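Knowing the structure of chain A, use the given hints to seat chain B on it.
Those sequence lines, one after another, are chains A and B.
Quick note on my numbering: the first sequence kicks off at 1 and runs consecutively.
Quick note on my numbering: the second sequence kicks off at 1 and runs consecutively.
Treat the hints with care, as some may be off.
Stated by the list, open to error - Partial chain B-side listing against chain A, Cβ under 10 Å, derived:
| # | residue |
| --- | --- |
| 1 | S6 |
| 2 | R10 |
| 3 | E100 |
| 4 | F101 |
| 5 | P148 |
| 6 | L193 |
| 7 | C210 |
Stated by the list, open to error - Computed spacing ranges between beta-carbons, pair by pair:
| # | chain 1 | residue 1 | chain 2 | residue 2 | range |
| --- | --- | --- | --- | --- | --- |
| 8 | B | I67 | A | D311 | 38 to 44 Å |
| 9 | B | A209 | A | E376 | 38 to 44 Å |
| 10 | B | Q185 | A | G53 | 48 to 54 Å |
What the hints contain is simulated information worked out from the structure, not anything from laboratory work.
None of these values were measured; they are calculated from a predicted model.
By construction, the Cβ of each residue, glycine as well, lies at the ideal position given by its N, Cα and C atoms.
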Amino acid sequence: MLALSASDLSFQYDEKAAPLLKSVSFQLQTGKIIVITGPSGCGKSTFAACLAGVIPEHVSGIFQGEVSRFGTCGMVFQDPDTQIFMPLVEDELAFAPENLGLPVEEIKARIEEVLQETGLEALRKADPGRLSGGQKQLVALGAVLTLCPEILILDEALAQIDEISRRRMKALLCRLKEQGVAILMIEHETENMDIADEVFFMEEGSLSPLAEKRDAVSQKQREKKNPVPSPKKEILRVEELGFFYESKRLKKGCKQRSSDTSLFNDLSFSLYAGEITALVGGNGAGKTTLGKLLTGILTPQKGRVLLEEADGRSLSLAQKGSRIGYCFQNPANQLFTQSVEEEVSFGFKYGISKGVDGRAQAENMLSLFELDSLRESFPLNLSWGEKRRLVLAAVLALEPAYLILDEPTTGLDAVRMEVLSSTLESLRERGIGILVISHNKGFVQGIADRVLSLQEGGILDEISCFS
Amino acid sequence: MKSLASLDPRTKFFLVACLSSLGVLLSDLRILCGLFALCLLLLLGFQISPTQLFQRTKALLGVVLAIAVLQSVFTPGGEALLTLGRISLLSTGGLVLSGEFILRILIIVASAGFLSTSDSRELIQGLIQWKLPYELAFMTAMAVRFLPVFAQEFRDAFAAIQLRGIDLHHLPFRQKMEVYAGLFQPVAGGALLKAKALALSIEMRGFRACEKRSSLLVLRFSLKDYLVMSLAAVFTVAALLYYLLYLG
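In isolation and in its complexed conformation, chain A is listed as follows:
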């Protein structure tokens, strides 16, 4: 039975803009999972928004064609930060059924079911705003699942979720499919495509079925280049690091969080030049926090971080920033100029690299990350993948001695991921050390020389990449 259809769908944001969708026709049957993949910025999210009715109802532009939905439609967007706003996870999940005016017993039953399905039971009373990126994504997904939609549209909704939760979510999607839910997934990660009945490829505003699903699923595993062995030069050293988040509550005499919520206690390790280290671990283990402690955005309550033998506490953020390049988990949080070109050359204009003619370097980066055609665009208007590439270009243009990348592959298509891998390998060959925080197993296996696994409670283990 037909759940969703689009015929001759065309869309462009305004008359001057190039059309993002060109006469696209598409059908989704009940009890099917369809994946749409394609290069970042090709119009996949726009297409999903058209199918969900967000366009043209809430977003203006030139819309042609027809979209029909035969059932309630729920959509999970790419950025979890713009989907959660309630004080507790439980409230977030209750929001949709409350809007439908359902009886309280029914709301409670739906919440219990979704908490169990998503593995969020332990976080039901947590503030969603303070969760990790992956946990937020699970909450955003759960908040739509309590709507019990007959059509479910997921725009890269599994991108930041850890391996265990991802497997759980894929099993859940399969169960929903068996119950007759029609599911459309916008995806870059081939690991998530194995549950699809059909995979479509979008390019230049057109949609075409992928001849063989296996072509997308079993993409050739890239051959890992082994680094040339050389004496290890230590860049960052962490000594007995301890950290916990302070409570925001204005309670008398309870400024500190209880010890059971300490993220790290006595964490020690070193990071070296010319080596790619991957930091893996479950959602909420503290990987992003550790990245922020290494760069100096956060200050540890205990222990210290040494940057090239200098105590991090004696260096300003700008001094650390000139040596360590850092890409945030959400690229939108570190874009602050009015054009792509300005973003890439910003550090040369005002920074410690001021005076250095960075034009050539900026041009190289714009070209390497295929941003030439977007140089006049407002950075925050770009797609997630384009923002990710822009941040990488801006950070790499400054040639840092060490690079920390937090989930660098989210929003990147297979081709761009390959470009990123090659770029990181060439940086390693030039002696630059790199820490990659990632859930993308394929990517980590392809490039990492060393894998550190961070577990809850702040335990850090070195594990074999391929075990």
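Showing chain B alone in chain A's frame:
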């Protein structure tokens, strides 16, 4: 006293309304001092640290102090304490007025602190059960909820700038202004885009889809709430009558 934090949010709203109204309506330094002392006691009853509360609002309190000084200078009265020629720079009347102004603000800040013991969902529900349209209640709560989020975004943007090797503290003034001015549009634009995306997300979750909305959380007054509200009402009326009859 220990369990004041567990009061119904509507009772907390009522307390805030009573104390703030008294703070605004009564113009007597002694009464305002008494009211402020009462607020401090209540803060402790709510298990809120007054020091922490006032530390968090120190930026606002700085502005208040500056206004109080100006008020003292521009509204002289009573005995002149400091003069410049024929101009009175500091007078007893001016000091009293600025003292009253500071106390009023402190009373409002302290009483508003009571609300911090309820989360935004409870506050929204309180307003909804007081028959405020739920769309309005949610919009207000979301605006309040997103203030710290936007503040965090500003902090992220500043951290990101510094991580590009730019030391904002040591930039020449002109360049520093250039960077700050340049930041405004992207940060404001980003905030608007985020607000728009959030609005889309809540619409997609059925917001305003049905005329009647149900709620998992239903607030109910307890005996303690009735008692606190009655005491607050009696105290407010008594304080107003006393002021009007003997001091006004």
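Going down the list of hints, with the structure as the test:
1. S6: violated, 13 Å
2. R10: violated, 17 Å
3. E100: violated, 26 Å
4. F101: Given a least distance of 24 Å, the restraint on B/F101 is violated.
5. P148: With a closest approach of 8 Å, the B/P148 hint holds.
6. L193: holds, 6 Å
7. C210: holds, 4 Å
8. B/I67 to A/D311: 38 to 44 Å: holds, 43 Å
9. B/A209 to A/E376: 38 to 44 Å: holds, 40 Å
10. B/Q185 to A/G53: 48 to 54 Å: violated, 31 Å
When the structure is compared with the earlier hints, violations turn up for hints 1, 2, 3, 4, 10 and for no others.
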